[in-house]
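Residue numbers are given in this note's numbering: position 46 of the sequence shown equals residue 56, and the series is strictly consecutive.
Quick list of simulated restraints, FRET-style, between CB atoms:
1. S40 / A82: 27 to 35 Å
2. R68 / G43: 31 to 39 Å
3. K108 / D30: 18 to 26 Å
To be clear, the hints were calculated from the coordinates, so they are not data collected in a lab. For each residue, glycine too, the CB sits at the ideal point set by N, CA and C.
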Amino acid sequence: MKYALVIFETDESRDRIQTDRDTHRAAYESWIGQIAAAGKLVGGDALDTEQVAAVTVRKTTDGAPIVTGGPAHPGEETLGGWFVIDVADREEAVALAKALRTPETVEIRPLLESA
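Given the sequences, and given the hints that come with them, work out the whole structure.
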């Protein structure tokens with residue numbers, strides 16, 4: 011079954027990235043490398059959360075678009091990226107997410123299987 015591991019940066023993870031980017035990146039790359047080596051990584055991408063600010067487009071009740079600067083849900087956690095994994099079950103997806111040694115939050119979502 012395929013799951014998305016949705017990565018949210020936190021204030022703590024952003025502080026660690028700014029303090030020691032190489033160590034943080036090595037831990038992160040080790041984690042995703044282990045998932046890939048096990049043949050469970052389908053794909054994924056990181057988002058640029060430092061160079062370019064997010065833009066959000068919302069529709070009003072009459073369908074008119076409203077464009078605002080910043081993330082859709084501002085707060086401590088910022089969407090940082092996602093990975094798609096193919097595992098036996100939810101428990102395996104949770105175990106892989108728990109193995110991340112950096113302070114990001116990982117939300118696990120099953121992918122909708124096409125008919």
